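S.K.: Letter 588 of the sequence shown, counting from 1, is numbered 588 in the working numbering, and no numbers are missing.
Don't take each hint at face value.
[Claimed, not checked] Here are the simulated distance ranges between beta carbons:
no. : residue 1 : residue 2 : range
1   : LEU746    : ALA636    : 43 to 49 Å
2   : ASP388    : LYS254    : 19 to 25 Å
3   : ARG214    : LYS744    : 53 to 59 Å
4   : LEU328    : LYS556    : 27 to 33 Å
5   : ASP367    : LYS546    : 28 to 34 Å
6   : LYS199    : LYS744    : 27 to 33 Å
7   : GLY149    : LEU746    : 51 to 57 Å
8   : LYS546    : LYS254    : 25 to 31 Å
9   : GLN257    : ALA366    : 17 to 23 Å
10  : LYS199    : GLY684    : 15 to 21 Å
11  : LYS627    : SER671    : 41 to 47 Å
Simulated from the structure, these hints should not be mistaken for laboratory data.
Keep in mind it's a predicted model, so treat the numbers as computed, not measured.
Where is the CB? At the ideal position from N, CA and C, for every residue including glycine.
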Amino acid sequence: MKRIPSLKHKLLPLKIKIILNRSITMRFIILVTISLIFINPGSSVAQKVGFLEINGNVLQDGKGLEGADIKVLKGSENVDNVLSSNGGKFIINLDLGQNYTIIFSKTGCITKAVSIDTKVPDEEQTQIFSFKFKTDLFKIAEGASQPEGTDKPVTKIGYSEAYADFDYDQEYTKTRKSELESVKQKMAAEVVKQEAAKKAIADKAKQDSLAAARAKSLAEQQELAVVEKAKQDSIAQGKEIARQYGIQQAAIDKAHQDSLAAADKKLLAEKTAMLAKQKASDDSIARILDKQRQDSLASVKQKQQLEALALEKAKQDSLATIREQGRLEDLAKQVREKATADSLTAIKEKARLDQLALAADQKKKADSLAKAEAKAKADSLAAAKEKDRLEADAKEKTQLEEVAAAKEKQRLADLALAERNKFITDSTATANEKTKQENLAKAAKEKAAQESLAKADAKAKVDALAASKEKARLDELALAARNKYLTDSTATAIEKQRLVGLAKVAAQKASLDSLAKADAKAKADALADAMEKARLDAIAKVAADKAALDAANMAKEQTRLAEVAKNTREKVVADSLATIKVKASRDSLTAANEKNKQEQLAKLEKDKADKAEKDRLDQEKKIQAAKNAVDAQKLAQAEAEKKRLADIEAQKIALGKTSTVPKKNANDVSSYRFDFDKDFIPEGIKEETITEPNRNILRTIVNAKDVKATYLKIVYGYGGIFYFKNSASISENMYNSELDNYRKQLK
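Using the sequences provided together with the hints, build the complete structure.
M.R.: Now the structure itself:
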């Protein structure tokens, strides 16, 4: 609290009251107020009602504190409330003859009170007093209550007879200042400690936030690395599966081709062996027949011409029979070769169909693998998109929600990766199982075909051996008959003569029997050939039926495997869709909860913003009202000052007209006014100091184009400071502002 005591300067009926602010520990601040009272019993000017003007500043740490609440109590009644304006300034007018308490307060600051007693002597009731002081509202620790004793006034102000003006109680003020100084130091230390703690908390929060951000970034990078590795592993696994499948398929194709080549080679070898065997048999029969013919011819030469003719005819008949038998054997051979060719054609056709089925299955497997890879890629892309969405959402949440979102995202990524791995494993297992079943079926078909060929070959061999044995038996019978006939023909000539007729008859009968036997044999051979053809046809039919049955079973098995694969794919798709639906439902619920939470937060933020805006508007209204009040007070002060100066000038004129002119007062400063008419001074500003026993005078002479003035600043030894312009008293503000303006103009 700062105050300078006052000193009255009286010019007879003109009384000038100058208020001096005095301070023991701080610098002096002066406010001059001039009150004029024209004392003339005969004057018609009415006396005015006086008041005390409080003109001060609210400070904090040496700077003006704007928006401080100032409450004015008259006794216990609240008569006024104002706010400190820019620079902490305030002006309050108090009626004389009352007891006032002015309370200064602001949130987070100490509250101070000032007691003011405005009682003055009766002769001073019409005076207008002015008192200026400053008060410091230092900060208190956050959360701390007001220190004890803040309800006690920090100073007491009242009228001083010694100064004939208002002054403060120095002893009381000194005591209260000492008490508050210790409180101020204690609070300052606590405030510093709190600010340090807040700074430490803020720094820690910043470091924690940076650490969390770094941890989150690292986790995201690790997660991306895991997802990328899983993706690369999935692609590599798919490629490896495709490579293994290609190797297996190439091995199967090679085995199939080798099997077909082996079957063809075996059939060719067997056919060659059969032809060689048949040729050897034919050559043996031809040699035997040729030997028999030579023997028969040799015997015929020794017989009679008739026997020769009979034997020749028998030979011709036998040759015809042999030729017919050869023809029939050729027909049988052609039938066997046709059956073998048909069986081989059927096997090749079946092999071709198996190859087509295998190619179709390979294409189906490739399509399934491509679909699996496409689905894995789509799942990976969906997981990446889901991850981006979760990250975008997670950025708007708190740190706890970010951690929870990261955990949930990791769990979903692991689940998606497990689903992809399960799908790939199941697809691979299904493909391997299908390949295994196809290999087993193919091996079974090849085994059946080989067994069928082996059976047909064995049957053909058995049938050929049986036919050869039957032919050898018939040849032996014919040879025995011919030997017997030759033996009989060696009988005596008499018997021969006797038997000529019988021989003719026998020859005829033998010819007939031979023809009958040949016919019977031809019929038997034809029947045997027909039976053999029927048997071969039956075998071919059985083989064809078995091949058709095998093809049907294979088709059924392929259909079953396709159905199993389809069911497996549908199950995988259904499981994946179910997982996606569950995840979508969970995400939808999470999104709904998050949306509700965001909406609630948005509503809270909006309510908070609305309240803040309302508080701001209310505060602006209060500040504007305070500014309006201050402006009104300033305007009133300006009007009062203007009127006061006009009254002073009127009083001067009135004094000039009176017959009793007072003597020049000792404090009259008119002698220090520079006479521009008599003395020359160049244009500009000149300052000089005049030292007297009880005072120092700073005279500033301004010589400009539009103004010529003398400014005085008089400082008395007891501390009083006064300001004048051309011998007229002015305020400190006017003195400083006018000189500052002239200095700027005359630079």
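S.K.: Which numbered conditions among the earlier hints are violated in the structure presented, ordered from lowest to highest?
M.R.: Of the numbered hints, 1, 2, 4, 6 and 10 do not hold.
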